[in-house]
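Student: Okay, here's what each chain looks like letter by letter:
2 protein chains.
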Amino acid sequence: MHKETLEDIGEKELINRLRKFMPKNQASDDCALIKTKNNNLLINNDSLVENVHFNDISIGPQDLGWKAVISNLSDLLSSGSQKTLGITISLILPSKTEWVWVEELYKGMNKALKKYGGIILGGDCSKGSQKTISITAFGIQGELELKRNACKPGDIILTTGIHGLSKLGFMINNKVDFDNNVSLNKRLIRKSIKHFCRPEVYPFFLKNLLKSRSNKKRRRIGCTDSSDGLFQALQDLTISSKCKAIINYEKIPKDKDWPKGDIWDEYYFFGGEDYELVFSLPKKWAKNLTKLDKNINEIGYFSKGEPSIKFIDKCKNKLLKNAPFRHF
Amino acid sequence: MHKETLEDIGEKELINRLRKFMPKNQASDDCALIKTKNNNLLINNDSLVENVHFNDISIGPQDLGWKAVISNLSDLLSSGSQKTLGITISLILPSKTEWVWVEELYKGMNKALKKYGGIILGGDCSKGSQKTISITAFGIQGELELKRNACKPGDIILTTGIHGLSKLGFMINNKVDFDNNVSLNKRLIRKSIKHFCRPEVYPFFLKNLLKSRSNKKRRRIGCTDSSDGLFQALQDLTISSKCKAIINYEKIPKDKDWPKGDIWDEYYFFGGEDYELVFSLPKKWAKNLTKLDKNINEIGYFSKGEPSIKFIDKCKNKLLKNAPFRHF
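Chains H and A, in that order, are what the protein sequence lines are.
Residue numbering for the first sequence is -7 to 320, as defined by our numbering.
Residue numbering for the second sequence is -7 to 320, as defined by our numbering.
The reader is advised that the hints may include incorrect statements.
Pairs involving identical chains hold if they fit within one copy or between any two copies, as the list cannot separate such chains.
With a straight-line Cα cutoff of 30 Å, these simulated DSSO-like cross-link-like pairs (lysine-lysine) come out [said to hold, decoys possible]:
#1 Lys27 <-> Lys234
#2 Lys313 <-> Lys119
#3 Lys276 <-> Lys208
#4 Lys12 <-> Lys186
#5 Lys103 <-> Lys119
#6 Lys88 <-> Lys119
#7 Lys276 <-> Lys306
#8 Lys4 <-> Lys103
#9 Lys16 <-> Lys27
#10 Lys234 <-> Lys119
#11 Lys75 <-> Lys27
What the hints contain is simulated information worked out from the structure, not anything from laboratory work.
The task is simple: from the sequences and hints, build the whole structure.
Tutor: Structural data, given as structure tokens:
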């Protein structure tokens, strides 16, 4: 008899099933929470596995260390962390790993922490066949609770920065034959590789969110990051918040030299690893924020309805049919 | 040119080098520390890798889940944690892993948490070729600071429980040909397998330590656990505390049916995974404690001198020459 495997049930279903082992109030978002008398502590876990999440061809150890930290800080920020305390690191490495690789990895991690705050709190290292970097990051919960399930019908959907660049950088570094009909200019190539190897997070996000706040009663804000791509971020928000996302394709911020065409739309929507924030706010708040912060753009709104994503420009809806199915 | 690998430098040296990336006050013990206004938070990381730390032959998933939690709780206790808050879990699993395996693993983890306190706070799961369970555990620092580097010359060395049993259980479950000349009784076989598959920690330790306290000025106590064996625990204490351990072989607590002979001494000293506590106290405090708690025994004392371990009974010193060298 075939027993059900993780491949059969898929990643999302696996996460749902594992949540049943957690207390109900704990089991909601990317970050776990420890309540203390003064501050609540946000905790985030993220693992990078060789040949699943990275390979030695496309990224060097120092960039990888940087990126592993950024991926965790992005999750903390998208949960409303006002300050990063630090990280613990659990490494699994083959015995043949060169010391210099590990040293460079740690240098990259410390560079990212130096830029965005936090220290290496501790860690352990074990032998294994596949390089794995598992980071647990700690932040202090700010005044606002940012949650996937806190979007409301009528909210404006916003995003920081630009998507798709990291995917393009990945394809360039891996020499993927992405589109021979297009010649990319050097600036875009350099920018994309930088987005892939040294992504950044947006530390002023929370400050600007508080500055532009129009409604002091609203403490819970719908938010996630685009680490798995803009489409996945929107889908996670719609499913968790049980509402419908209406996207205005024309308003989506793109690099000025980003090529046109369906395949380039796909890279943009399904790319991932851009670590931008995707979130929703009441109209007035959204207006205040985009006025204050030119890196943030409105891209649509939420309405009542079954969890789904639709474009205002209907001819763009075919794009969503190409959404990749996420296997385990 | 041969570049230095992790195999070349070994586990201990690797840990030393990685500590240089941490702030100095942070880089001392197994557990990391986050200071908050009211309580200090102890954080422990521990990973179990398939075919390095466990295999499917010797241990089932529910026992493995139990043990993964115990291994972390033991580190928290040996750092002076007064209460376990919970754990986050980072799983790496091959896609072919059966769901029932994961379910049993989580059941085992929740059983251990139910017994000793704490909840599953969160986690993530990624695809990889080798099953890996990486746990981060959180506890609240109690009144006493338990540290590897806090033993003092003149302190009495003590240990909870009995060592070697888990190693014997491992050998029985793996059908290792350990000693054909010895026939073990059923009670010892059952007990050893239980110690290997369902090890326990000693939650009253800190309470009894506080109850028997003779010197309220001493807040820092030398302590570690025997997860890597009694010998390794003693060695870690002597090196971190820069003093010499003198062990009284006759006083070492053994199971009443534990066989005699050099090989059985080796299993006892170099076994590991017993998760007993090995620590040191001033004479009077040690006396009070062993009176109060019959599971705790004096096994020697620390004196001034180069970090080393010696037996009072000199003919037992040959045992230490067989100490296994820990490769990466």
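Student: If a hint holds in the structure, say so; if it does not, say that too.
Tutor: These are the hints, each one checked on the structure:
no., hint, result
1, Lys27 <-> Lys234, "within (27 Å within a copy, 38 Å between copies)"
2, Lys313 <-> Lys119, "between (42 Å within a copy, 25 Å between copies)"
3, Lys276 <-> Lys208, "within (12 Å within a copy, 60 Å between copies)"
4, Lys12 <-> Lys186, "between (39 Å within a copy, 28 Å between copies)"
5, Lys103 <-> Lys119, "both (25 Å within a copy, 28 Å between copies)"
6, Lys88 <-> Lys119, "both (10 Å within a copy, 22 Å between copies)"
7, Lys276 <-> Lys306, "within (27 Å within a copy, 82 Å between copies)"
8, Lys4 <-> Lys103, "between (33 Å within a copy, 25 Å between copies)"
9, Lys16 <-> Lys27, "both (15 Å within a copy, 28 Å between copies)"
10, Lys234 <-> Lys119, "between (43 Å within a copy, 28 Å between copies)"
11, Lys75 <-> Lys27, "both (16 Å within a copy, 14 Å between copies)"
Figure legend: structure checked against the earlier numbered hints; every hint is met.
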